[in-house]
Amino acid sequence: MSRDLAMMSATDLVQAYAAGTISPVEVVKASLVEIRKHNETFNAFVHIDEGTTLAAAKASEERWKAGTPIGIVDGVPTTIKDLAEVKGWPVRRGSRTSDPNFRSIADSPFVARLRDHGAVFMGKTTTPEYGWKGVTDSPLSGITRNPWNPTKTPGGSSGGAAVATALGMGALNQGTDGGGSIRIPAAYTGIFGLKPTFGRVPQYPASVMGTVSHAGPMTRTVADSALMLTVMSGPHVMDWYTAPDDGCDFRQLSGKSVRGMRIAYSPDLGFAKVDREIADLVAAAVKRLAELGAHIEEVDLDFSSSAETFRLHWFTGAANAYRNLSPEQREMLDPGFAEVCLEGLEITLPEYQDGIQARERLGLEVNQLLDRYDLLLTPAMPTVAFDAGLEVPEGSGMRRWTEWTAFSYPFNLTQHPAASVPCGFTGEGLPAGLQIVGQKYREDKVLQASAAYEALCPFKMPIAG
3 MSRDLAMMSA TDLVQAYAAG TISPVEVVKA SLVEIRKHNE TFNAFVHIDE
53 GTTLAAAKAS EERWKAGTPI GIVDGVPTTI KDLAEVKGWP VRRGSRTSDP
103 NFRSIADSPF VARLRDHGAV FMGKTTTPEY GWKGVTDSPL SGITRNPWNP
153 TKTPGGSSGG AAVATALGMG ALNQGTDGGG SIRIPAAYTG IFGLKPTFGR
203 VPQYPASVMG TVSHAGPMTR TVADSALMLT VMSGPHVMDW YTAPDDGCDF
253 RQLSGKSVRG MRIAYSPDLG FAKVDREIAD LVAAAVKRLA ELGAHIEEVD
303 LDFSSSAETF RLHWFTGAAN AYRNLSPEQR EMLDPGFAEV CLEGLEITLP
353 EYQDGIQARE RLGLEVNQLL DRYDLLLTPA MPTVAFDAGL EVPEGSGMRR
403 WTEWTAFSYP FNLTQHPAAS VPCGFTGEGL PAGLQIVGQK YREDKVLQAS
453 AAYEALCPFK MPIAG
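Number 467 marks the last residue of the sequence shown (the numbering used here); no jumps.
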């Protein structure tokens, strides 16, 4: 029964709270049981404060008893990635360079919005140092592991949030995505993850990686991501990049379908090498959307130049963080991150300016494509999850994580919304993901198509021992 409560969707929880059939305290205690049971093995959390969490659950319970909930996620177990600020809690950012005694004096904007709607914070989830890579491990917090097979990586950099989602440690889980960091772990762990349009969700402090970084939801159902995005989104004075308020309530997905949608499909973006099993699972998912009435056309794209464009943006962001560290702090860094920082310092201003122009060309190309189509479909990841503790698959000949994430980072450069939707399992029982990319500020279409697919093929979560 305890696990059943922990695995309930946020949408169902709020309905049950309103009906008085269960209480936030019961649910939060059930989620804490799952954390105690699994965190030592899977390493999803770097900070847990049971006293504060249970006090918040009790306050929510009293509000529901009085019929005065303060928001649409009141009492829902929620996790925050340890790149964001939670008032009164440490913020380590996966780095030994951070001060272990520091406590945040205010919430990051989206954290404040979740708190204002009554979310109960379960803790802060693991990240590699500054969220720098597509797997989740760091000298500070160790290795985070995949809930389907603990010898494998859950991906990253929001690996802790993905594990928390899959194992019932939180119903609503916040991630960040600067090159795939929501979609990579969503695909590798079989959950739903959405990178919203850049500017949809306000961020402060800003990411060290600049304007490629987005914040968004990671959940077990599409409806829960729609719920969480509704709470988190909207302009904020602390983030001058945020878009004006369009009043969108993303929960309005009931009864909608993909019938009549014009959808583009690219199996490789013109340059990605995709594992055969992944390609087959994604192709089958595309066929199912066609069977639901979508008009799907395979398109010929060539995004091969996006790899260098992304390197120019990502590595210079890392270098900018590095130059503000003392010599002693630099010695504490993850060696791989330090290498990226030093490479970034070698990038010249003319090279960076060329990268800005290349990014503009790519953004224009995607804008024009999505002016003709409602959505673009691709694999979310070209590979299955590989061994934990490695940056690249063993024996692949690759050097950096950007070499196996060809489908994710182009849409950080272009800032379009993109989701990873679970679309089946390989022969060894590891999840695959379908990526759905939308027009800017049309997360509603991405969510609509995702929900239609989920209704046909409900998502399955792991059962850890």
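Any given hint could be a false lead.
Below 20 Å or equal to it, Euclidean Cα-Cα: the simulated SDA-like pairs (lysine to any residue) are [what the hints assert, rightly or not]:
| # | residue 1 | residue 2 |
| --- | --- | --- |
| 1 | Lys60 | Val35 |
| 2 | Lys39 | Val27 |
| 3 | Lys275 | Gly399 |
| 4 | Lys89 | Pro207 |
| 5 | Lys462 | Asp101 |
| 6 | Lys442 | Leu372 |
| 7 | Lys89 | Thr70 |
What the hints contain is simulated information worked out from the structure, not anything from laboratory work.
Right, here's what the structure says about each hint:
no., hint, result
1, Lys60 - Val35, "holds, 17 Å"
2, Lys39 - Val27, "holds, 18 Å"
3, Lys275 - Gly399, "holds, 14 Å"
4, Lys89 - Pro207, "holds, 13 Å"
5, Lys462 - Asp101, "violated, 39 Å"
6, Lys442 - Leu372, "holds, 9 Å"
7, Lys89 - Thr70, "violated, 24 Å"
Going through the hint list in order, the structure does not satisfy hints 5 and 7.
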